[in-house]
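Assemble the whole structure, with the sequences as input and the hints as a guide.
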Amino acid sequence: MTVPMIQTKNLKKYFATKKGELHAVDGVNLTINSGETLGVVGESGCGKSTLGRVILKLLEPTEGEVLYEGNDISKYSRKQMKNMRKEMQIIFQDPFASLNPRMTVSEIIAEPIKVCKTITNDNEILEKVFDLMNTVGLAERFVNTYPHELDGGRRQRIGVARALALDPKFIVCDEPVSALDVSIQAQILNLMMDLQDNMGLTYMFITHDLSVVKHISDNIAVMYLGQCVELAKTDELFENPAHPYTEALLEAIPIPSLKYRKKLNIIRGEVTSPINPKPGCRFAPRCPKVMPECSQASPELTEISPGHFVSCYIYMNGHYQTKGEKHENISANKS
Amino acid sequence: MSEKLLEIKNLHVMYRTDDDDIYALNGVNISVEKGKTLGLVGETGAGKTTTALSIMRLLPDRVGAVKQGEIIFEGKNLLNVDNEEMRSIRGNDISMIFQDPMTSLNPIHTVGQQIGEVIKLHNIHLDNKDIELKIDEMMEMVGIPADRKTEYPHQFSGGMKQRIVIAMALACNPKLLLADEPTTALDVTIQAQVLQMMGDLKEKFNTSMILITHDLGVVAQICDSVAIMYAGEVIEIGTIEDIFEADVHHPYTIGLFGSIPDMTKKTYRLNPIDGLMPDPAIVPPGCRFADRCPKCMEVCEKISPENFIKNTHQIKCHLFTEKAKNATGN
Chain A
1 MTVPMIQTKN LKKYFATKKG ELHAVDGVNL TINSGETLGV VGESGCGKST
51 LGRVILKLLE PTEGEVLYEG NDISKYSRKQ MKNMRKEMQI IFQDPFASLN
101 PRMTVSEIIA EPIKVCKTIT NDNEILEKVF DLMNTVGLAE RFVNTYPHEL
151 DGGRRQRIGV ARALALDPKF IVCDEPVSAL DVSIQAQILN LMMDLQDNMG
201 LTYMFITHDL SVVKHISDNI AVMYLGQCVE LAKTDELFEN PAHPYTEALL
251 EAIPIPSLKY RKKLNIIRGE VTSPINPKPG CRFAPRCPKV MPECSQASPE
301 LTEISPGHFV SCYIYMNGHY QTKGEKHENI SANKS
Chain B
1 MSEKLLEIKN LHVMYRTDDD DIYALNGVNI SVEKGKTLGL VGETGAGKTT
51 TALSIMRLLP DRVGAVKQGE IIFEGKNLLN VDNEEMRSIR GNDISMIFQD
101 PMTSLNPIHT VGQQIGEVIK LHNIHLDNKD IELKIDEMME MVGIPADRKT
151 EYPHQFSGGM KQRIVIAMAL ACNPKLLLAD EPTTALDVTI QAQVLQMMGD
201 LKEKFNTSMI LITHDLGVVA QICDSVAIMY AGEVIEIGTI EDIFEADVHH
251 PYTIGLFGSI PDMTKKTYRL NPIDGLMPDP AIVPPGCRFA DRCPKCMEVC
301 EKISPENFIK NTHQIKCHLF TEKAKNATGN
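Protein chains in written order, with our numbering: chain A, 1 to 335; chain B, 1 to 330.
These are computed hints drawn from the structure, not numbers from a lab. Be aware that one or more of the hints could be misleading.
Claimed, not checked - Some chain A residues close to chain B (C-beta under 10 Å, calculated; not the full set): (1) Glu43; (2) Asp131; (3) Arg154; (4) Val182; (5) Met193; (6) Val212; (7) Lys214; (8) Ile216; (9) Asn219; (10) Ala248; (11) Ser257.
To be verified - Short derived list, chain B residues pointing at chain A, Cβ under 10 Å: (12) Met160; (13) Asp187; (14) Leu216; (15) Arg269; (16) Met277.
This one's a predicted model, so the numbers in the text were calculated from it and none came from an experiment. By construction, the Cβ of each residue, glycine as well, lies at the ideal position given by its N, Cα and C atoms.
Shown next, in the form of structure tokens:
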């Protein structure tokens with residue numbers, strides 16, 4: 001079996017706040033295979049961005065492991081990480097805030113190269129910059145412009161070019177298109193998919209937009225308040241959503257077609273506070289299918305069909321059965 | 001056919017800046033019927049918000065100016081009423097929900113005071129007790145317990161703040177509600193709650209609404225008619241069925257739909273529109289979409305197209321007017 005590109009084991013990140021401990025990421029187990037895209041969806045504040053940053057070690061994990069090609073990088077020193085950074089990069093959400101307004105386009109794209117000294121000759125660096133600009137579809141005449149002279153779509157292309165500057169293998173894309181207009185968003189999504197095809201990149205694609213995530217991902221992880229509540233192949237997740245939260249999330253998307261016009265079946269209430277969370281399932285206060293055991297202990301991530309994991313008591317009824325029987329049990333219930 | 005509450009005729013709006021004159025609206029024609037919802041769709045800079053601000057007469061002083069056109073609300077041209085009368089219309093007959101609930105509330109007043117301010121200004125005869133009762137009623141209506149009225153905006157979540165803003169906008173039972181991207185800043189599950197609430201309230205009070213958005217999914221859920229804007233013009237307008245189900249569309253509309261990843265089927269590549277919105281400081285003689293249009297013809301760059309009208313559906317494109325001309329010529 002090949003070693004997955006990224007694997008997290010019981011990854012946790014807590015922030016100390018005045019009111020108590022904020023559980024931003026709370027025991028997440030994920031696997032991203034080389035060349036694939038994992039979409040991470042969830043509402044604001046559910047810990048998607050924190051998860052991305054902990055995986056890149058831009059934030060130190062509180063507990064747990066991050067395995068990159070089988071090596072645990074969570075204990076790496078800064079020096080060791082500096083080498084790793086060439087292989088793992090990030091594209092940020094806001095193309096207006098993530099570019100230094102005092103640097104020109106070429107300086108921004110060349111900066112990672114200069115920092116990591118992968119190329120030292122100035123002419124070669126410039127060549128590489130032009131190369132990257134070509135790759136992401138930026139005209140060469142923009143090389144000496146400043147970010148404020150460009151529109152959102154072009155700025156995001158700079159962000160993509162900067163992330164590609166060190167020829168990484170793995171890129172965390174933190175809501176790269178949510179600040180853009182739909183027609184520009186589509187251009188950037190197409191660009192990212194082309195890059196993946198040509199360069200064999202692995203993406204972790206963080207977004208709250210389910211239609212985008214469906215379009216670009218191979219696998220999807222649904223997060224709710226720091227926990228991964230469902231993990232499945234994209235088609236499987238959209239066809240057979242298992243967790244009540246995933247169902248609600250899919251129900252809530254307005255679809256641009258009159259055929260789907262209907263009274264929305266919406267969930268009540270809002271995301272509860274992630275500070276010192278109560279024991280039990282975190283979705284329980286909003287869940288339409290809540291049961292008594294939900295408020296006692298957190299449900300575990302259970303495999304209900306091959307590759308489809310859910311953390312919900314509805315699917316844990318077969319607690320005492322062996323794994324094989326449990327699958328049958330659930331498929332029988334479904335039909 | 002039901003009565004028109006608001007009709008905008010040939011509206012031109014210009015922003016004058018130090019560098020350039022920006023032509024924000026170039027002949028916009030839209031109308032809203034009583035109790036109906038019009039969706040105003042377009043990308044950033046298409047002129048959606050400018051249209052709403054013109055109706056409210058809230059264009060920035062000295063910089064923004066209406067150059068031409070009429071805004072007729074209940075038979076009266078809003079551009080001719082004096083400031084005092086406009087103040088009584090604003091908030092009372094027409095009110096607006098702004099895009100960002102985080103910044104449209106005053107952080108140093110309680111939410112109750114802010115809802116109360118609207119009621120007090122437009123109902124001078126009410127005493128404080130009645131106003132308090134009305135505040136409670138409005139808060140309950142948008143689903144927030146009335147005893148939270150003494151709290152400040154920062155104590156509420158984004159979805160709740162947006163509901164407070166909606167409560168303020170609806171406090172005087174306006175006849176027309178302008179909602180400028182009311183759910184863009186919200187998460188999908190909260191968006192669904194807010195949209196449903198707005199739909200219910202609309203039915204209850206028979207309010208007309210102009211919903212400004214760039215999300216075609218939201219439009220499909222709650223609008224009765226749709227106007228698609230591009231570079232300060234309405235390039236396609238019609239009933240919701242015309243826009244979502246008819247066979248003929250403006251090439252820009254097709255591009256807009258092609259840009260959205262379809263949830264219902266699998267497509268590998270999206271079909272976005274190439275290029276960018278034109279510079280609003282320059283008015284080309286021809287169609288404004290010409291340089292991005294995949295079906296651009298010679299005439300498109302020279303002459304601005306007329307509206308092609310088919311029942312309730314209007315498309316501003318040479319493709320269809322030419323065809324119609326040829327048909328009558330033969």
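Which numbered hints fail: 2 and 9
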